[in-house]
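Numbering of the sequence shown is given in this note's numbering, commencing with residue 4 and proceeding in unit increments.
There's no promise every hint is true.
Between beta-carbon pairs, the in silico distance windows are [what the hints assert, rightly or not]:
(1) Asn145 with Ala5: 48 to 58 Å
(2) Arg138 with Pro66: 22 to 32 Å
(3) Arg112 with Arg133: 30 to 40 Å
(4) Thr70 with Glu28: 23 to 33 Å
(5) Glu78 with Glu140: 50 to 60 Å
(6) Arg138 with Gly41: 41 to 51 Å
(7) Ala77 with Leu142: 22 to 32 Å
(8) Val51 with Glu83: 27 to 37 Å
(9) Glu54 with Ser24: 32 to 42 Å
(10) Glu28 with Glu54: 17 to 27 Å
(11) Arg112 with His67: 37 to 47 Å
(12) Arg141 with Gly41: 42 to 52 Å
(13) Pro66 with Glu6: 29 to 39 Å
(14) Pro66 with Asp132: 35 to 45 Å
It is worth saying that the hints were derived from the structure and are not from the lab.
Values in this document were obtained by computation on a predicted structure and should not be read as measured data.
From the three backbone atoms N, C-alpha and C, an ideal C-beta is built for every residue, glycine too.
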Amino acid sequence: MAEPTLYLFDGYNVLHAGSFSHPRELVDQLASFVALKGARGVVVFDGVGEERTHGPLEVRYAPHADTVLEQLAAEYRGRERVCLVSSDFAVRGTSGQEVMKLSSATFVRDLEPAGQQEERPHRLAERLDRATRDRLERLRRNRSG
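Please model the entire structure based on the sequences and the hints provided.
In structure tokens form, the structure reads like this:
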């Protein structure tokens, strides 16, 4: 099967399948992913929020994300190669045979290793205040010298 041109993501479902600290972190990762694939994507979160575009990724909010994902899959499956990322069997079951389906856990497992290799070393440093980072750097230099 050819690479998808449109990815549909069940926002909170994917968020909870991974080790993302905040929905913004997930949105950043998804935007990078679809950009690297040369595709576009739509992530839909349950609830209310500010809809926006983050590069090739649309961020949407709806009272029922599942309903929006089902509608988007039905609307685009005849025109594009669609991949639906959700662990919700009802959503995956109603999206049609033409739609490629991935569970959130499988997608995150494939997504995270590349992101972790680049980002994990920086996470602790991002959470520390400047004085603590400076003290740790001094300790590191004293031990290596």
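Verification of the hints:
| no. | hint | verdict |
| --- | --- | --- |
| 1 | Asn145 with Ala5: 48 to 58 Å | holds, 55 Å |
| 2 | Arg138 with Pro66: 22 to 32 Å | violated, 49 Å |
| 3 | Arg112 with Arg133: 30 to 40 Å | holds, 35 Å |
| 4 | Thr70 with Glu28: 23 to 33 Å | holds, 25 Å |
| 5 | Glu78 with Glu140: 50 to 60 Å | holds, 53 Å |
| 6 | Arg138 with Gly41: 41 to 51 Å | holds, 44 Å |
| 7 | Ala77 with Leu142: 22 to 32 Å | violated, 58 Å |
| 8 | Val51 with Glu83: 27 to 37 Å | holds, 28 Å |
| 9 | Glu54 with Ser24: 32 to 42 Å | violated, 22 Å |
| 10 | Glu28 with Glu54: 17 to 27 Å | holds, 18 Å |
| 11 | Arg112 with His67: 37 to 47 Å | violated, 27 Å |
| 12 | Arg141 with Gly41: 42 to 52 Å | holds, 45 Å |
| 13 | Pro66 with Glu6: 29 to 39 Å | holds, 32 Å |
| 14 | Pro66 with Asp132: 35 to 45 Å | holds, 40 Å |
Hint check: violations occur at hints 2, 7, 9 and 11; the rest are consistent with the structure.
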